[in-house]
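Colleague: Using the hints provided, position chain A relative to the given structure of chain S.
If you read the sequences in order, they're chains S and A. All residue numbers in the first sequence are consecutive under UniProt numbering, ending with 574. All residue numbers in the second sequence are consecutive under UniProt numbering, ending with 574.
It is worth saying that the hints were derived from the structure and are not from the lab. Virtual Cβ for every residue (Gly too), placed ideally from N, Cα, C. Possibly wrong hints are sitting among the right ones.
[Stated by the list, open to error] What the simulated footprint calls covered on chain S by chain A, stretch by stretch (three residues with Cβ under 8 Å from a Cβ of chain A suffice, anywhere in the stretch; the number is not a length):
id, region
1, 26 to 38
2, 56 to 70
3, 112 to 121
4, 558 to 565
Each chain is listed here by its residues.
There are 2 protein chains.
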Amino acid sequence: MLVSQLLNPTLREVPAEAEVISHQLMVRAGLIRKSASGLYTYLPLGLRVLKKIEAIVREEMDARGGQEILMPIMQPAELWKESGRWDVYGAELFRLNDRHNREFCLGPTHEEIITDLVRGEIRSYKQLPLLLYQIQNKYRDERRPRFGLMRGREFVMKDLYSFDRDEAGLHESYQKMYDAYCRIFSRCGLTYRPVEADPGAIGGTGGSHEFMVLADSGENSVVYCSGCDYAANTEKSECRPQAVEDISPEGEMKLVSTPGVKTIEDISEFLAVPKTTLVKSLLYQGDEKTFLVLVRGDRTLNEIKLNNALGGFVSLQLASPEVVEEIMGCGPGSVGPVKVPEGLMVVADAEVPLMKKAVCGANKAEHHYVDVVSGRDFRIDQVLDLRMVEPGEACLKCGAPLKEARGIEVGQVFKLGTKYSKALGANFLDEKGVEKSCVMGCYGVGVSRTIAAAIEQNHDEFGIVWPMPIAPYQCVIVTASTKDTLVVETADKLYQELKSLGVEVVLDDRDERAGVKFKDADLVGYPLRVTLGSKTLANGQVELRERKSGETQLVKAEDLAQQVKTMIEKALQC
Amino acid sequence: MLVSQLLNPTLREVPAEAEVISHQLMVRAGLIRKSASGLYTYLPLGLRVLKKIEAIVREEMDARGGQEILMPIMQPAELWKESGRWDVYGAELFRLNDRHNREFCLGPTHEEIITDLVRGEIRSYKQLPLLLYQIQNKYRDERRPRFGLMRGREFVMKDLYSFDRDEAGLHESYQKMYDAYCRIFSRCGLTYRPVEADPGAIGGTGGSHEFMVLADSGENSVVYCSGCDYAANTEKSECRPQAVEDISPEGEMKLVSTPGVKTIEDISEFLAVPKTTLVKSLLYQGDEKTFLVLVRGDRTLNEIKLNNALGGFVSLQLASPEVVEEIMGCGPGSVGPVKVPEGLMVVADAEVPLMKKAVCGANKAEHHYVDVVSGRDFRIDQVLDLRMVEPGEACLKCGAPLKEARGIEVGQVFKLGTKYSKALGANFLDEKGVEKSCVMGCYGVGVSRTIAAAIEQNHDEFGIVWPMPIAPYQCVIVTASTKDTLVVETADKLYQELKSLGVEVVLDDRDERAGVKFKDADLVGYPLRVTLGSKTLANGQVELRERKSGETQLVKAEDLAQQVKTMIEKALQC
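Next comes chain S alone, as it looks inside the complex:
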């Protein structure tokens, strides 16, 4: 491709609305343009990257027996009502009506459609396992679309669904996909980590892993063990409860006046006690139910754990000050577990019963109890793992300290079990003629998001530094002079030679200064740059530069093509 004919509008300035580096660079390098909030057009180079990732994903799915299909984006509401998700999915689901006023949605995932398909076609255990996938647009009505392709409203996903006879079969399919995902992100040239994850809105209770591309700018926090292979989304990571060194109180609990004290910080300072001795008491509402949640003062409550532990509410939130006033008779800052209403359920993180001499709110403005003992002075109905893990804690598996990293979620695999097959009746007859529900898994790769994640992980101050396997083109030829006939003719010769060797190459033949071309080459991030200047070419040499290392070498013009080819092959092997 000649750059003079390529629609690749690069920008020197950072677009005002682009908050993260991948978004900035994708716009500046002319890979995407915004059509509306969260809706983008892929320009030629952006689309090439997308197609490359798609091709890698497709190969790895096919290699594991995945069969590619294509399901409709528009989905009838009836199926979502059958699965029960129509009413619970909430505002993120784009809904629309057709001219006959029938309801539809734009698919955020395709469990309903695929399960409907399979229940119509599968009769016997002999037809299982079945692994079906598609690569297609998905839709999510984000409250605040942002970060370019990282959190768009229309995005490209690969979603595969597995149907098995039993849990053992699901386990096998799951492992296949887990392995495939590792291959995919390795082949894309990315540094990633699979971590244990929460299944979220997709549902299913059989387990889930997320695949995180590691980058300091990542939205997600993950913990991983320095001693074993344990890794998890911080939101999901189980915690080992840690007792605080402390002595039991000598006497009864006491009510103390704490004027002006509102927060955990305030009370810690006012009483001059460490936060580890405080009980944080939070009144929550899950759907119609209200309950009191206790965690140690230095810890953070993990709402996802809380919701999972209590069975999964559609809506879970802190009770409003009005509700707190009504139930506890005080403001939210004064809530405590002592002498709570009889019917109120009290759930506590596993560390709370280990506390010996605690301080807590007294359900009375500007007062606290001190020398409080769990069990003696207040009741706990359920002890659960409810807190966020913290870096440096001991791994639950091996005890070695956990480390923290930031990551961008680019894939997730789920053991769905029979949630959808039971709801929609996707059954088969087993060897004995007994009707059973298919055991399902689902597996998604955020194809468009992987582009953004790759850039977050691979860039420098000058622009994108593409890993070779997903670069829009592998090599750019820059003519430092467009007046020098030898330069122009040799450039064209090398361009043809590289193309004939199968190298993906562009020739920057624009009538621009060399500096402009260099800047664009760095910004777009072609892994290899070949520069033809009058001086060096007079000696029969051209300059070959690696974008990543910045290393430059002079190469004989006649050896250039082969050398480029070799470097690319080497880079693709990694």
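Modeller: Just chain A, lined up with the frame of chain S:
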């Protein structure tokens, strides 16, 4: 691929709701399944055909300088309001609101999005011409979705948009695409015809061609000249007005009583005159405007010509009986051009002024005028070409008789001119620094519809007869026995051999009777079938059968792969 592992559910019965043969065969051959009215899932074999057509389209677009991009399916209403199409597009446009109640539509075409993109990126004539295309889902809320992929609500299209400096540039881009489309449908192995067409809702006045795959079952009628290369959609074809041999009346026009007479047929019979002497008078409403339309009694009014000739109404329809009564003082069956209200515009087909002694309605129930003369007895405000062409008529270009054929529209090319670039301000500076509007064209291929059209044109009583270039697989190997080890092992050997030669092959290894496998092979329509039976294989031979001709030959097993390869290459050259 092993058929035992392929999701290819074939059916013996014709699905009740499938009205046309392509729909029936796509469901029966296991290529698609319905998810909802007008919304389909492509199963693996159906998707392979789709991808093959996409690949051909992509190659031909790239070969002519087209650059592939990908635009959002969800489009903001603002852009449609800028172009003026939001209010006029009507019920076929799927509309939806996001959570902030902003309006969007699902793109039926992408003129707005692409023009918005180009106005942001193009500054100079040096950046033109620019040819941008995408292959993507399109949406149309059909009143009655039917015929499977022929008229779906979600379908795959390739749409290319060209941006040029001037009309001459547009003409060049248009010709490029016209040529590309000829290559595409030739390469798909289809018999097709490009015909002059009406631009319809896309707009533009610079001309348009449709590409019709010829099939008796086609929805569209086309006329083509037996003497020259003229061809047109029957709706669009211009007509040469033909005078009727007749003598002028001797006296004044007369009012005659015609009791019980309502239709053209009635009056022709009642007065014993040919229909060519009758004037058909129709009161129409175009948006807010009412006018009287006259055509000869034996002709059919062409509403598309009528609408184009009068400047294009958003809504054009016959006036209701109430409106006719109010304006003409009679029922619709009695309307005539004599003594009409003064302000009422009268437009007539070019044949009407050539009539000498006509009969027409008298604007009075059960009465007609006879011996009516145009000009003398009634006025005509505009004479236009308003009728449908008929087979056998003389070609306007060369005079030879026109013939009729049925076709399925699979592509259309449009000269848009500056309709969208003016509305949205997609301008550039020319050589002299003068700001001008880009001159646009747009060019669509119905990729998914081409599958259906290919089947309408290529099938027999047993199933689909794929043209080699778009067959889901080129060859199927059938083991007539699954008990005979020699058969099974040779089949596997040939399967591997064919794959290594790059042949797209499936091995029907299912534990089914040979008859079932043959029926499925014919139904799915693999161009070549290789059968391994115990008897022939004992002699070292296998049977090779061509689906299209039904010709069968015995081939030495060791020569089979090479022969199949040769036949495929030959078939792909056509």
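Colleague: Now, for every hint given, state plainly whether the structure supports it.
Modeller: Hint check results:
no., hint, verdict
1, 26 to 38, "holds (count 3)"
2, 56 to 70, "holds (count 5)"
3, 112 to 121, "holds (count 5)"
4, 558 to 565, "violated (count 0)"
Taken one by one, the earlier hints fail for this structure only at number 4.
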